[in-house]
Amino acid sequence: MAVNALGPYDFPSADRQENFGDDMLVHVLWANNMMFCSAACFRAPRAMPWEDFKAQLMDPWAASDPDYEPSAPKGWALDGKPFNPEPGQSLAELGVVHKGLITFEA
Amino acid sequence: MAKLSMKERYSLLTRDLDWTPTYVDPKDVYPYTRYEGIKIHDWDAWEDPFRLTIDSYCKYQAEKDKKLYAVIDGFAQGQGHLSVADARYFNSLKLFLQGVTPLEYAAHRHFAYLARHLDGPGARFAALCQSIDELRHCQTEIHTLSQFNKYYGGFHDWSRMHDRVWYLSVPKSFFDDGISAGPFEFLTAISFSFEYFLTNLLFVPFMSGASFNGDLATMTFGFSAQSDESRHMTLGLEVIKFMLEQDEGNVPIIQDWIDKWFWRGYRLLGLVAGMMDYMLPKKVMSWKEAFELYLEEQMLNGLFPDLEFYGVRPPRHVEQAIIEKEYVSHQVYWILYQFSFAAAFNTTVPTDEELDWLSASYPETFDRYYRPLWEKARRIQDGGGRFFFQGLPQLCQTCQIPMGFTEPGNPAEIAQRHSEYKGERFNFCSDGCQWIFDREPEKYVQAWLPVHQIYQGNCGGATVPEVLDWYGIEQGSDNLEYLTSPDKASWDEWHAPAALPGGGK
Amino acid sequence: MSTAKTRWVGVDLQDSDDTRMLVEAMEVDNPDVTVRHMPGIVKLQSATELVIKRETVEEKVGRPWETHEFQMNIVSYAGNISEWDDDQIVIKWEH
Numbered sequence: 000m001a002v003n004a005l006g007p008y009d010f011p012s013a014d015r016q017e018n019f020g021d022d023m024l025v026h027v028l029w030a031n032n033m034m035f036c037s038a039a040c041f042r043a044p045r046a047m048p049w050e051d052f053k054a055q056l057m058d059p060w061a062a063s064d065p066d067y068e069p070s071a072p073k074g075w076a077l078d079g080k081p082f083n084p085e086p087g088q089s090l091a092e093l094g095v096v097h098k099g100l101i102t103f104e105a
Numbered sequence: 000m001a002k003l004s005m006k007e008r009y010s011l012l013t014r015d016l017d018w019t020p021t022y023v024d025p026k027d028v029y030p031y032t033r034y035e036g037i038k039i040h041d042w043d044a045w046e047d048p049f050r051l052t053i054d055s056y057c058k059y060q061a062e063k064d065k066k067l068y069a070v071i072d073g074f075a076q077g078q079g080h081l082s083v084a085d086a087r088y089f090n091s092l093k094l095f096l097q098g099v100t101p102l103e104y105a106a107h108r109h110f111a112y113l114a115r116h117l118d119g120p121g122a123r124f125a126a127l128c129q130s131i132d133e134l135r136h137c138q139t140e141i142h143t144l145s146q147f148n149k150y151y152g153g154f155h156d157w158s159r160m161h162d163r164v165w166y167l168s169v170p171k172s173f174f175d176d177g178i179s180a181g182p183f184e185f186l187t188a189i190s191f192s193f194e195y196f197l198t199n200l201l202f203v204p205f206m207s208g209a210s211f212n213g214d215l216a217t218m219t220f221g222f223s224a225q226s227d228e229s230r231h232m233t234l235g236l237e238v239i240k241f242m243l244e245q246d247e248g249n250v251p252i253i254q255d256w257i258d259k260w261f262w263r264g265y266r267l268l269g270l271v272a273g274m275m276d277y278m279l280p281k282k283v284m285s286w287k288e289a290f291e292l293y294l295e296e297q298m299l300n301g302l303f304p305d306l307e308f309y310g311v312r313p314p315r316h317v318e319q320a321i322i323e324k325e326y327v328s329h330q331v332y333w334i335l336y337q338f339s340f341a342a343a344f345n346t347t348v349p350t351d352e353e354l355d356w357l358s359a360s361y362p363e364t365f366d367r368y369y370r371p372l373w374e375k376a377r378r379i380q381d382g383g384g385r386f387f388f389q390g391l392p393q394l395c396q397t398c399q400i401p402m403g404f405t406e407p408g409n410p411a412e413i414a415q416r417h418s419e420y421k422g423e424r425f426n427f428c429s430d431g432c433q434w435i436f437d438r439e440p441e442k443y444v445q446a447w448l449p450v451h452q453i454y455q456g457n458c459g460g461a462t463v464p465e466v467l468d469w470y471g472i473e474q475g476s477d478n479l480e481y482l483t484s485p486d487k488a489s490w491d492e493w494h495a496p497a498a499l500p501g502g503g504k
Numbered sequence: 000m001s002t003a004k005t006r007w008v009g010v011d012l013q014d015s016d017d018t019r020m021l022v023e024a025m026e027v028d029n030p031d032v033t034v035r036h037m038p039g040i041v042k043l044q045s046a047t048e049l050v051i052k053r054e055t056v057e058e059k060v061g062r063p064w065e066t067h068e069f070q071m072n073i074v075s076y077a078g079n080i081s082e083w084d085d086d087q088i089v090i091k092w093e094h
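The listed protein sequences derive, respectively, from chains A, B and C. In this text, residue positions in the first sequence follow numbering that gives the first Met the number 0: the first is 0, and each later residue adds one. In this text, residue positions in the second sequence follow numbering that gives the first Met the number 0: the first is 0, and each later residue adds one. In this text, residue positions in the third sequence follow numbering that gives the first Met the number 0: the first is 0, and each later residue adds one.
Everything labelled a hint here was simulated from the structure, so no lab data went into it. Please read all numbers here as calculations on a predicted model, not as lab measurements. Glycine included, every Cβ here is placed at the ideal spot set by N, Cα and C. A couple of the hints might just be wrong.
[As the list claims (entries may be wrong)] Some chain B residues flagged as far from chain C (calculated, every beta-carbon gap over 12 Å):
#1 Phe202
#2 Ala209
#3 Leu215
#4 Met218
#5 Leu306
#6 Ile321
#7 Glu412
#8 Gln452
#9 Thr483
#10 Ala488
[Claimed, not checked] Label-pair distances were calculated between CB atoms; the ranges are:
#11 His116/B x Asp58/A: 39 to 49 Å
#12 Glu288/B x Ala91/A: 49 to 59 Å
#13 Lys80/A x Pro464/B: 30 to 40 Å
#14 Thr5/C x Lys421/B: 50 to 60 Å
#15 His36/C x Asp491/B: 29 to 39 Å
#16 Glu54/C x His116/B: 38 to 48 Å
#17 Asp58/A x Ser358/B: 48 to 58 Å
#18 Asp162/B x Ala91/A: 49 to 59 Å
#19 His94/C x Gly6/A: 36 to 46 Å
#20 Gly36/B x His94/C: 50 to 60 Å
[Stated by the list, open to error] Derived contacts from chain C toward chain B, CB cut-off under 10 Å, selection only:
#21 Val8
#22 Asn29
#23 Thr33
#24 Arg35
#25 Met37
#26 Glu57
#27 Glu58
#28 Val74
#29 Trp83
#30 Asp86
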C-alpha cells in the first residue's frame with residue numbers, strides 16, 4: 000500500500016548500501032544474555048575477514064559484560080539459519096546482507 | 000437588551016463569521032482536505048461543547064498564566080529545587096524538557112496550519128485555540144524547567160538535542176510522522192490518539208511524579224496545562240466522531256489510523272514507563288497500574304464501546320501492549336541505563352527499597368528476569384566499574400528505539416522482524432512497527448536513524464566524544480552515572496548539615 | 000445474562016479551595032457520585048452521568064459563577080461532554 004500524497008512521493012532511502020561505500024551495517028545479538036538490552040550495530044567492510052570482525056568489533060563489545068570469554072560463543076546463526084563462519088571468509092562471502100543479523104549464545 | 004446565551008454568542012462569534020467565497024472555488028481555498036480520501040459532507044455538523052469565544056478564551060488563559068507564574072516565581076525565590084525528594088528526580092524533567100517540550104512547539108505550528116486549512120469554521124476556531132494553547136505549554140514548560148538549569152546538568156540545550164540525540168529521535172520522528180501526514184490523519188494521530196486515548200499515560204506520570212517528589216513548579220505547570228487538555232481531549236473525541244459520522248467510507252481509513260497511531264504512541268510512551276518506574280524517587284504508581292487504569296479501564300472499557308457504534312474496534316496490537324505491561328518499563332530503562340554515557344541525563348541502579356517495590360509491583364517478571372541484571376550491574380559498580388553497552392544498538396526502523404523489546408510474553412527473547420523494500424532490508428522491534436512500515440514504506444525508508452547517521456559520519460565524527468560534542472551533551476556533567484555525577488555532588492553539598500559557628504575545633 | 004463492566008464517567012479536578020466548593024455542589028446534584036482525594040487531585044466518578052449546575056455552585060461559592068469558569072478547575076475527564084451552556088455542564092457516555 001502506497002503513501003497517500005498530494006503529488007509524486009518517491010525519495011531515496013536514508014541507509015541504502017551505497018551510502019556506506021564498501022562497508023555494510025551488521026547486527027550481532029548475544030541471544031541468551033539479557034545484560035545486553037539489544038543487538039549491537041557495527042559498520043564493517045564487506046570484505047572484512049570473519050576473524051577480524053570478531054576480534055576487532057564483536058569481542059570488544061561483548062566484553063562489556065565482564066563474564067564474556069571470546070572462545071565461548073556457539074550456536075551461531077545468520078538471519079535465523081545455522082552459520083559456521085571460517086576465520087578467513089569475508090562477511091560478503093558468508094552471505095551477510097546489509098543490516099542483517101548474526102546471533103550467538105554463550 | 001437581553002444578554003446573549005452562550006450558544007448564541009458562540010454561534011455569532013465563530014461559525015456565523017464564515018462565508019462561502021465567490022471569486023474562487025472553495026476547493027482552492029482549502030486544498031488539503033480531500034486527498035486523504037476522507038469525505039466531509041457537512042462541516043456545520045462539527046460540535047464544540049466548550050463553546051468558547053475569543054474573549055473568554057483570552058480571559059481564562061491569562062488567569063491560568065498569572066497563577067502559574069506566581070508559583071514559578073515563589074518556587075524560584077524559595078529555592079524550591081532543594082525541596083524535591085532527591086536530585087535523581089531531575090532526570091525525569093530533563094527527559095521531559097528534551098523530549099516533550101519541542102513537541103508542544105511542533106503542535107502549535109501544526110494547529111496553526113489547521114486553523115487556516117480546515118474547511119469548517121467551528122473546527123478552525125478549535126484548532127486556533129489549540130495552537131495558542133500549545134505555544135503556551137511550550138513557553139510555560141521552558142520557563143518552569145529552565146530554572147533548574149541554574150543548578151543541574153542536562154537542561155541547557157534541549158532544542159538542539161531534540162534534533163540530534165538518539166533517544167530524542169523517538170519523540171521527534173513520532174511528531175514528524177504526524178505533521179507530514181494529511182490534516183485528518185494528523186487529527187486522528189494527535190488530537191484523538193495522543194491527546195485523548197493516550198494522554199493520561201503521558202501527563203499523570205510526569206505531573207503526579209512532580210507532586211509526589213516535591214516539585215511544586217512542575218506540578219503547577221501540569222495543572223495549568225491540564226485544564227487546556229480537557230479542551231484538547233474534547234477536540235480529539237469530536238473529530239473522530241465527526242469523521243465517522245460524515246461518511247461510512249471514512250471508517251476503514253480511520254481504523255487504520257487508529258491502529259497505526261496507537262502503536263506509535265504506545266512505543267513512544269515506553270520512555271514514560273521507564274521514567275515512572277525508575278526515575279522517580281517517590282513512586283506514583285507503576286506503569287502496569289497506570290496502564291490498567293488509564294488504558295484498559297478508561298479507554299478500552301469506557302471509550303471504545305462508545306466507538307463500536309460507528310464500526311470502530313480497539314486498535315490492533317493492543318493485546319501486545321496489555322501483555323507487555325508486565326515488563327516494558329524494565330526493558331526501556333535497561334536501555335537507558337546502559338546508554339547513559341551518551342544521554343543528557345544520569346541513570347543509576349535502583350536502591351534496595353526500590354528493587355523491592357519493583358518486585359511487588361511486577362510479581363510475574365521482575366525477580367525472575369530483571370533483578371538479576373540489576374544485581375550484576377551493582378556488583379560491577381561495587382568493583383569500581385560501571386556497566387555500559389560499549390557500542391551502538393540495533394534500532395527499529397519505525398519507532399527508532401533500540402530493539403530491546405521481546406516476543407510477547409517472553410522477556411528473554413529479543414523480537415526481530417524484518418521486511419524488504421526495493422531490495423533493501425529494514426528491521427523492526429515488533430509486529431506493530433513492521434505493520435506500520437509495510438503500509439507506507441516510502442515514508443519510513445527516509446527515517447533519520449541516529450545510529451546509522453553516526454556510522455555515515457553525519458554526527459560530528461567517529462568517536463563518542465565527537466558525537467557527544469555534536470549532540471551538545473557536556474561530557475561528565477550531563478551524562479553517565481548518577482552516583483558520581485555533579486548533580487549528586489551539588490545536592491549533597493547543599494544538603495550538608497550546617498557547620499557549627501566558630502569552626503568547631 | 001452477561002454482566003457489563005461499569006463504564007465510569009468521571010472528572011478530575013485540581014485540589015484547590017475553589018474546587019472544594021465545586022465538589023460540594025456536585026455532591027448535591029449527583030447523589031451517586033464517589034469522591035476520591037489524591038495528591039493534588041480530586042477524582043469524581045459516577046456510573047451514569049455527572050452534572051455541574053451553575054445555580055448550585057453559586058450557592059456554594061457565594062458569588063456569581065459562570066460555567067466557563069469550570070475550565071480553571073478541570074484536569075481531565077472520562078466520558079463525553081454532552082452539554083455545556085450557561086446553566087449546566089453534563090458529562091456522560093453517548094452510546
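Okay, the hints, checked on the actual structure:
no. : hint                           : result
1   : Phe202                         : violated, 8 Å
2   : Ala209                         : violated, 9 Å
3   : Leu215                         : violated, 10 Å
4   : Met218                         : violated, 6 Å
5   : Leu306                         : violated, 8 Å
6   : Ile321                         : holds, 15 Å
7   : Glu412                         : holds, 33 Å
8   : Gln452                         : holds, 38 Å
9   : Thr483                         : holds, 32 Å
10  : Ala488                         : holds, 30 Å
11  : His116/B x Asp58/A: 39 to 49 Å : violated, 56 Å
12  : Glu288/B x Ala91/A: 49 to 59 Å : holds, 50 Å
13  : Lys80/A x Pro464/B: 30 to 40 Å : holds, 39 Å
14  : Thr5/C x Lys421/B: 50 to 60 Å  : holds, 51 Å
15  : His36/C x Asp491/B: 29 to 39 Å : holds, 35 Å
16  : Glu54/C x His116/B: 38 to 48 Å : holds, 41 Å
17  : Asp58/A x Ser358/B: 48 to 58 Å : violated, 35 Å
18  : Asp162/B x Ala91/A: 49 to 59 Å : violated, 35 Å
19  : His94/C x Gly6/A: 36 to 46 Å   : holds, 40 Å
20  : Gly36/B x His94/C: 50 to 60 Å  : violated, 25 Å
21  : Val8                           : holds, 8 Å
22  : Asn29                          : violated, 18 Å
23  : Thr33                          : violated, 14 Å
24  : Arg35                          : violated, 12 Å
25  : Met37                          : holds, 8 Å
26  : Glu57                          : violated, 16 Å
27  : Glu58                          : violated, 20 Å
28  : Val74                          : holds, 4 Å
29  : Trp83                          : holds, 5 Å
30  : Asp86                          : holds, 9 Å
Taken one by one, the earlier hints fail for this structure at numbers 1, 2, 3, 4, 5, 11, 17, 18, 20, 22, 23, 24, 26, 27, listed in ascending order.
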